[in-house]
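2 protein chains.
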Amino acid sequence: MHIPTIHTPLIEGEPMTAGAVTTPKGFSAAATTAGIKPSGNPDMALVVNEGPEFTAAAVFTRNKVFASPVKISREVLADGQCKAVLFNSGNANACNGAQGDADAREAQELAAERLGLEANDVAVCSTGLIGELLPMDKVRAGIDTLARGLGSDAAHGSAAAEAIMTTDTVTKEALVERDGWAVGAIGKGVGMMAPSLATMLVAVTTDASISNEALEEALRKATAVTFNTLDIDGATSTNDTVIVMANGASGITPSQDEVDEALLSICESLAKQMQTDAEGVTKRVTISVRGTADDAQALEAARTIGRDNLFKCAMFGSDPNWGRVLAAVGMADAEMNPEKISVRFNGQPVCVDSAGAPGAREVDLSGVDIDVDVDLGAGGPGVATVRTTDLSHAYVEINSAYSS
Amino acid sequence: MHIPTIHTPLIEGEPMTAGAVTTPKGFSAAATTAGIKPSGNPDMALVVNEGPEFTAAAVFTRNKVFASPVKISREVLADGQCKAVLFNSGNANACNGAQGDADAREAQELAAERLGLEANDVAVCSTGLIGELLPMDKVRAGIDTLARGLGSDAAHGSAAAEAIMTTDTVTKEALVERDGWAVGAIGKGVGMMAPSLATMLVAVTTDASISNEALEEALRKATAVTFNTLDIDGATSTNDTVIVMANGASGITPSQDEVDEALLSICESLAKQMQTDAEGVTKRVTISVRGTADDAQALEAARTIGRDNLFKCAMFGSDPNWGRVLAAVGMADAEMNPEKISVRFNGQPVCVDSAGAPGAREVDLSGVDIDVDVDLGAGGPGVATVRTTDLSHAYVEINSAYSS
Numbered sequence: 001m002h003i004p005t006i007h008t009p010l011i012e013g014e015p016m017t018a019g020a021v022t023t024p025k026g027f028s029a030a031a032t033t034a035g036i037k038p039s040g041n042p043d044m045a046l047v048v049n050e051g052p053e054f055t056a057a058a059v060f061t062r063n064k065v066f067a068s069p070v071k072i073s074r075e076v077l078a079d080g081q082c083k084a085v086l087f088n089s090g091n092a093n094a095c096n097g098a099q100g101d102a103d104a105r106e107a108q109e110l111a112a113e114r115l116g117l118e119a120n121d122v123a124v125c126s127t128g129l130i131g132e133l134l135p136m137d138k139v140r141a142g143i144d145t146l147a148r149g150l151g152s153d154a155a156h157g158s159a160a161a162e163a164i165m166t167t168d169t170v171t172k173e174a175l176v177e178r179d180g181w182a183v184g185a186i187g188k189g190v191g192m193m194a195p196s197l198a199t200m201l202v203a204v205t206t207d208a209s210i211s212n213e214a215l216e217e218a219l220r221k222a223t224a225v226t227f228n229t230l231d232i233d234g235a236t237s238t239n240d241t242v243i244v245m246a247n248g249a250s251g252i253t254p255s256q257d258e259v260d261e262a263l264l265s266i267c268e269s270l271a272k273q274m275q276t277d278a279e280g281v282t283k284r285v286t287i288s289v290r291g292t293a294d295d296a297q298a299l300e301a302a303r304t305i306g307r308d309n310l311f312k313c314a315m316f317g318s319d320p321n322w323g324r325v326l327a328a329v330g331m332a333d334a335e336m337n338p339e340k341i342s343v344r345f346n347g348q349p350v351c352v353d354s355a356g357a358p359g360a361r362e363v364d365l366s367g368v369d370i371d372v373d374v375d376l377g378a379g380g381p382g383v384a385t386v387r388t389t390d391l392s393h394a395y396v397e398i399n400s401a402y403s404s
Numbered sequence: 001m002h003i004p005t006i007h008t009p010l011i012e013g014e015p016m017t018a019g020a021v022t023t024p025k026g027f028s029a030a031a032t033t034a035g036i037k038p039s040g041n042p043d044m045a046l047v048v049n050e051g052p053e054f055t056a057a058a059v060f061t062r063n064k065v066f067a068s069p070v071k072i073s074r075e076v077l078a079d080g081q082c083k084a085v086l087f088n089s090g091n092a093n094a095c096n097g098a099q100g101d102a103d104a105r106e107a108q109e110l111a112a113e114r115l116g117l118e119a120n121d122v123a124v125c126s127t128g129l130i131g132e133l134l135p136m137d138k139v140r141a142g143i144d145t146l147a148r149g150l151g152s153d154a155a156h157g158s159a160a161a162e163a164i165m166t167t168d169t170v171t172k173e174a175l176v177e178r179d180g181w182a183v184g185a186i187g188k189g190v191g192m193m194a195p196s197l198a199t200m201l202v203a204v205t206t207d208a209s210i211s212n213e214a215l216e217e218a219l220r221k222a223t224a225v226t227f228n229t230l231d232i233d234g235a236t237s238t239n240d241t242v243i244v245m246a247n248g249a250s251g252i253t254p255s256q257d258e259v260d261e262a263l264l265s266i267c268e269s270l271a272k273q274m275q276t277d278a279e280g281v282t283k284r285v286t287i288s289v290r291g292t293a294d295d296a297q298a299l300e301a302a303r304t305i306g307r308d309n310l311f312k313c314a315m316f317g318s319d320p321n322w323g324r325v326l327a328a329v330g331m332a333d334a335e336m337n338p339e340k341i342s343v344r345f346n347g348q349p350v351c352v353d354s355a356g357a358p359g360a361r362e363v364d365l366s367g368v369d370i371d372v373d374v375d376l377g378a379g380g381p382g383v384a385t386v387r388t389t390d391l392s393h394a395y396v397e398i399n400s401a402y403s404s
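One line per chain: the protein sequences are D and E, in this order. FYI, in full-length UniProt numbering the residues of the first sequence are 1 to 404. FYI, in full-length UniProt numbering the residues of the second sequence are 1 to 404.
FYI, nobody ran anything at the bench for these hints, they're computed from the structure. Honestly, I wouldn't trust all of these hints.
[Claimed, not checked] If you anchor each label on the Cβ, the simulated ranges turn out as follows:
{"id": "1", "chain 1": "D", "residue 1": "Asp-333", "chain 2": "E", "residue 2": "Asn-337", "range": "47 to 57 Å"}
{"id": "2", "chain 1": "D", "residue 1": "Arg-140", "chain 2": "E", "residue 2": "Glu-339", "range": "44 to 54 Å"}
{"id": "3", "chain 1": "D", "residue 1": "Glu-118", "chain 2": "E", "residue 2": "Glu-339", "range": "20 to 30 Å"}
{"id": "4", "chain 1": "E", "residue 1": "Gly-251", "chain 2": "D", "residue 2": "Asp-333", "range": "29 to 39 Å"}
{"id": "5", "chain 1": "E", "residue 1": "Gly-251", "chain 2": "D", "residue 2": "Gly-359", "range": "56 to 66 Å"}
{"id": "6", "chain 1": "D", "residue 1": "Gln-256", "chain 2": "E", "residue 2": "Arg-220", "range": "53 to 63 Å"}
{"id": "7", "chain 1": "E", "residue 1": "Val-368", "chain 2": "D", "residue 2": "Asp-294", "range": "43 to 53 Å"}
{"id": "8", "chain 1": "D", "residue 1": "Ala-296", "chain 2": "E", "residue 2": "Arg-62", "range": "15 to 25 Å"}
{"id": "9", "chain 1": "D", "residue 1": "Gly-359", "chain 2": "E", "residue 2": "His-393", "range": "53 to 63 Å"}
{"id": "10", "chain 1": "D", "residue 1": "Leu-133", "chain 2": "E", "residue 2": "Ala-293", "range": "48 to 58 Å"}
For every residue, glycine included, the Cβ atom is placed at its ideal position computed from N, Cα and C.
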């Protein structure tokens, strides 16, 4: 029997997953330094599906203000087919009006031409500063370089992961290997992470043969409990995009359960990597809520706690200040019994029936991981978990100094 | 003709308003150091209405988790009458279960006894750490001292203002003098300021003769555009309370318009003082939204921007990063035309029709006050203004180090 393995490079002792996105058969990638980033770091990438199938599914930002590449990629994915994804970092191509749309369209068409594809099979993703026009001379030259530099080895996959980084400090790759088929992914995202999607770009590749319906269902289920419950700072970007491409090159058609499980593993790994690399993070905080009417209300309550700056500052200070949990959750639009709320920090009761538990102020929160469990006392079946971080000096520093 | 004057002590050149709360005829106050605060600073106060009338109105926190003193003061104010307000700082008496209720009740009853009043005419207000029982020995002794130390001069009024401070760095007093009558107030509040009320305790006194209906209407209208639109960090406290007492000692019965105007002036002054003294503030940011369906949607949009940490960090950095305004407002539950949004910083256009305006990156935001004007482009009559602050290192420092 094959034992499935998940590789998450940020967890100590796990093997690295260099080249994850090109590990499934029939995918190639390329990266280049087009000069969009002032830093001179790599800033363009391309991931290409060589077939034989071109099934694709995607989820996009729910922000009403969305970037030109999101507009175009939504059109591309509408028919459930995608053959290539073009990325650039250093510039979000958001809030650039008609010129932004035209630039994204030109990049899409040029990449399609160089790859011998229809424009409508090429998605485009951008991340970086909002409100600056793309430097199209550099983008055009970059596309030429990318189209000539495709390769399916690990180095090409990892180079693509590096080229989509913004304030990320490490590349984010994830790989799931199953019996004869695999799923690989690259992602980026460290701030502006919230509601519907963490601020992120993700490309997932698999050589399994998966129908559109099965792929969409698996992606929807996986994002609901991973990226959609990762909430670093309550902000949702203009550019969030997750695209999954399946090409059937392995000749294997997994069951829906198998696809669900593999995609969930991939998304969980990337979400955890993003949480660990979040801007200014010194703590990973996992907030679980129960004891309310339904899962939606539990999620609302967990988000409300996870977005409360006073709570987040207390976590930064390793301060078991459970009063801030109650003050925050009391504003949530969720059923609760205000006199029967209980809170545990790292498994230790700090508040029982909305009052302090003995020893509550002495709970040790000095470690990197903090679990906060809240029972709203209303007795319903609702449960939800949200992952967030503390609010640190470094978060303020990064986001006041970096125009992004 | 009498020219009305508003005194706001934090605005340079304005006269101080020492003793504002005892300036209206027929009010006395006292303060003491009961030993509740570890710092040894004053921590209990009493404001007493000596009549002849005892009309009162109040607004309280909308947090579902509210403190024991809020529960009791709601009962007191239910009949529209209040003769005294007992304050303590250093301990919020929130989330203390049945013992918290019993302690607040005992303090109320003891104060009433010492003042020769019915318990149901004495409101109680607490502010400070959540989840610690009140040190009742100290509270009892403090009440004795307060009841013996009442005075109606300026020193007694200002001492009360000082004794309700927590992380406030300055006392907050406001005074409006009209033709033969006056309105005075003390307030505290510097953090956990948001949605329905800024986190605050406020006592307003007036020697005008005002009916319950008129007082309630004026208070409701004034808080809607002052405390309720002051949003420092999106957090709403368990203890927010604003109580107004009118005693008719001046013999003057002002019109509703006159009461409205005076109460609005008082609340505006205190709200501005709280914004200026907000935890870690380096910028006062005023966000005005128009161009949406109605005022409620404009308010929702302004709040969404004012709570966005990325936007607030940009303000701290004096960075005219208008893209963060668009990214934030795109998540607001408000009607907008995502391609017709306009933004001005300090009156200068930085974004027109959802794209950057010439010179947008060069706008000077180095001053203390920043005005952000947003037109959502949907053409409706909705308008709203929210006052907030930047998100600074000092905010993180104060709230990670201070268990409050």
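Do the hints match the structure? See the list:
A hinted range of 47 to 57 Å for the beta carbons of Asp-333(D) and Asn-337(E) is inconsistent with their spacing of about 27 Å. Checked against the hint of 44 to 54 Å, the C-beta distance between Arg-140(D) and Glu-339(E) comes to roughly 26 Å, which is inconsistent with it. Range check, Glu-118(D) to Glu-339(E): about 27 Å between beta-carbon atoms, so the 20 to 30 Å window is met. Checked against the hint of 29 to 39 Å, the C-beta distance between Gly-251(E) and Asp-333(D) comes to roughly 48 Å, which is inconsistent with it.
Look at Gly-251(E) against Gly-359(D): about 59 Å separates their beta carbons, and that is inside 56 to 66 Å. The hinted window of 53 to 63 Å between Gln-256(D) and Arg-220(E) holds, with their beta carbons roughly 56 Å apart. Between Val-368(E) and Asp-294(D) the beta carbons are some 46 Å apart, a value that agrees with the proposed interval 43 to 53 Å. Roughly 21 Å separates the CB atoms of Ala-296(D) and Arg-62(E), a value that falls within the hinted 15 to 25 Å.
At about 32 Å, the CB distance of Gly-359(D) to His-393(E) disagrees with the hint of 53 to 63 Å. Judged by the Cβ atoms, the range 48 to 58 Å given for Leu-133(D) and Ala-293(E) is violated: they are separated by roughly 32 Å.
When the structure is compared with the earlier hints, violations turn up for hints 1, 2, 4, 9 and 10 and for no others.
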